[in-house]
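S.K.: Construct all of the structure, not just a fragment, from the sequences and the given hints.
Sequential numbering of the first sequence, starting at 157, is according to my numbering.
What the hints contain is simulated information worked out from the structure, not anything from laboratory work.
Some hints here could point you the wrong way.
[As the list claims (entries may be wrong)] Cβ-Cβ distance ranges computed for the label pairs, FRET-style:
1. 524 - 553: 16 to 24 Å
2. 524 - 558: 48 to 56 Å
3. 503 - 199: 29 to 37 Å
4. 398 - 354: 17 to 25 Å
5. 503 - 200: 16 to 24 Å
6. 271 - 513: 43 to 51 Å
7. 168 - 589: 43 to 51 Å
8. 357 - 207: 21 to 29 Å
9. 524 - 193: 52 to 60 Å
10. 403 - 174: 31 to 39 Å
These numbers come from a predicted model, not from an experiment.
Even for Gly, the Cβ is constructed at its ideal location relative to N, Cα and C.
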Amino acid sequence: MKKITPTLPKGTRDFGPGEMKKREYLFKIFKDTFSLYGFNALETPSMENINVLNGKYGEEGDKLIFRILDSGDFIKDIDNIESKDSNNLRKEISKKGLRYDLTVPFARYVSMNRDKITLPFKRYQIQNVWRADRPQKGRFREFYQCDVDYIGTKSIVCEAEIIDLVYSIFEKLKIQDFSVKLNNRKVLFGIVETLSLQDNFDKICIIIDKIDKIGKDKFVEELKYIDLSKSQIEKLNSVLFFDGSNDDKIKFLKDFLFKSSTGLEGINEIENLTKLSKEFIFDINLARGLSYYTSSIFEVILDEKNIGSLCGGGRYDDLTEIFGYKDISGIGISFGIERIYEIMKERNLFPDSISKKDTVLVCSMSEKYLDDSLRISSILRNNNISTDLYPDNPKLKKQLQYANKNDIPYVIIIGEDEVTSKLFTLKDMETGSQEKLGIDEIISKVSS
RNA sequence: GUGGUUGUAGUUCAGUUGGUUAGAACGCCUGAUUGUGGUUCAGGAGGUCGCCGGUUCGAGUCCGGUCUUCCACCCCA
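M.R.: This is the structure we're talking about:
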């Protein structure tokens with residue numbers, strides 16, 4: 157057999173036992189909190205039919221979808237194989253793709269199962285997604301997303317509850333220095349409409365979304381690039397960079413938007429939310445890149461440094477329409493668990509207790525005592541003591557080394573003396589001391 | 001997709017203007033210690049120097065291509 161050097165595909169990772177302990181701890185906090193707020197789990201397949209995915213993420217997005225090659229002799233039915241047209245060929249030989257996010261599969265699920273689900277419908281979903289992007293710092297080709305969505309109601313209570321959920325999650329994670337930023341696409345549209353720029357709405361949103369990253373000067377430059385006049389840019393700036401409390405901003409925008417019914421609608425939504433919700437910052441500069449948001453949009457950021465957002469989300473009114481299910485408004489948030497994981501690791505927020513392995517290792521001195529070892533292991537396990545049994549009987553030295561490397565605090569040694577006397581050697585690996593005890597004594601000692 | 005960067009033992013890395021047999025640390029195995037780990041000491045195994053080609057008497061070292069790693073851009077989490 158030819159030897160191969162083992163490697164991973166670009167942008168993918170293994171999660172070893174140490175990392176998994178931490179990830180599972182983190183995931184459990186999310187899942188438990190979601191349940192507490194009445195969200196239930198949903199899983200969808202890794203792959204979707206390509207027409208479900210295509211066209212949902214913008215032009216760039218389609219290119220970043222991982223395609224799955226059809227099975228069988230797919231080439232024999234292709235007429236124009238010499239044309240060298242990759243785009244057409246791709247359609248013919250690949251009709252499935254790996255999911256790119258969790259929201260679109262969710263919309264597909266809701267549309268397909270409208271006879272079974274009762275609106276409003278709430279679900280959470282923690283699964284991996286794939287992007288054929290070029291990896292770089294903190295970005296992978298396979299990563300996890302953690303989405304919570306609330307679909308089938310337009311009530312502003314959903315916004316308030318989701319903000320409440322954010323506070324609850326971060327409290328449990330012991331991350332305190334965060335802020336919730338909120339805006340409304342209708343307000344942005346109103347601003348743009350008031351300046352007669354509504355035809356450029358999507359483009360302007362993408363540019364506004366970058367303000368934090370590129371700064372005010374470059375922002376102005378990019379606006380010039382899409383042919384805004386000097387006075388339009390000046391007016392846009394005066395609105396977007398209006399400084400003040402949430403109430404000041406609301407008051408100011410109510411005046412500014414008096415001609416735009418959409419804008420006023422948005423402002424009213426924000427005003428209502430201030431009465432219902434925990435604290436948030438009304439940020440007129442918040443736009444978010446994704447095109448399907450139609451109303452409230454929000455992000456959660458770390459106050460300390462600029463590392464991008466920890467969560468992002470918003471309300472979408474038309475996402476299920478493309479799957480034939482009209483007038484269904486949804487609102488969702490995506491927790492950036494990979495980022496949150498990194499912050500928790502940096503700040504040492506994972507409790508030490510989660511990295512402990514088993515409490516006891518059972519070692520046998522010879523093959524003769526393996527059945528006794530098995531018996532004792534199962535007694536310990538029945539008493540809820542996590543027990544590892546060394547499956548062979550190499551030298552005791554080897555078995556103790558194993559306990560040592562795995563941070564197992566206790567070892568039980570089973571040999572001739574022990575089996576005849578029914579008193580087993582319990583060794584404390586930290587202090588090195590050992591004593592011969594009956595099984596009941598061992599259980600009470602080790603459990604404490 | 002664009003620009004830069006990286007690749008030598010299981011891992012992290014040395015390796016001089018191209019010159020005998022490519023090194024270290026950690027890890028692994030054996031022994032000192034045949035019923036006792038962590039520490040120590042002695043010994044050992046482990047490398048087609050990413051891959052393909054070129055220059056040269058001679059290439060880990062120089063050149064070309066390709067793949068890979070990481071970083072930035074585009075975009076995004």
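S.K.: Now tell me if each hint is right for this structure.
M.R.: For each hint, the structure was consulted:
| no. | hint | verdict |
| --- | --- | --- |
| 1 | 524 - 553: 16 to 24 Å | 19 Å, holds |
| 2 | 524 - 558: 48 to 56 Å | 20 Å, violated |
| 3 | 503 - 199: 29 to 37 Å | 31 Å, holds |
| 4 | 398 - 354: 17 to 25 Å | 20 Å, holds |
| 5 | 503 - 200: 16 to 24 Å | 33 Å, violated |
| 6 | 271 - 513: 43 to 51 Å | 48 Å, holds |
| 7 | 168 - 589: 43 to 51 Å | 46 Å, holds |
| 8 | 357 - 207: 21 to 29 Å | 27 Å, holds |
| 9 | 524 - 193: 52 to 60 Å | 56 Å, holds |
| 10 | 403 - 174: 31 to 39 Å | 48 Å, violated |
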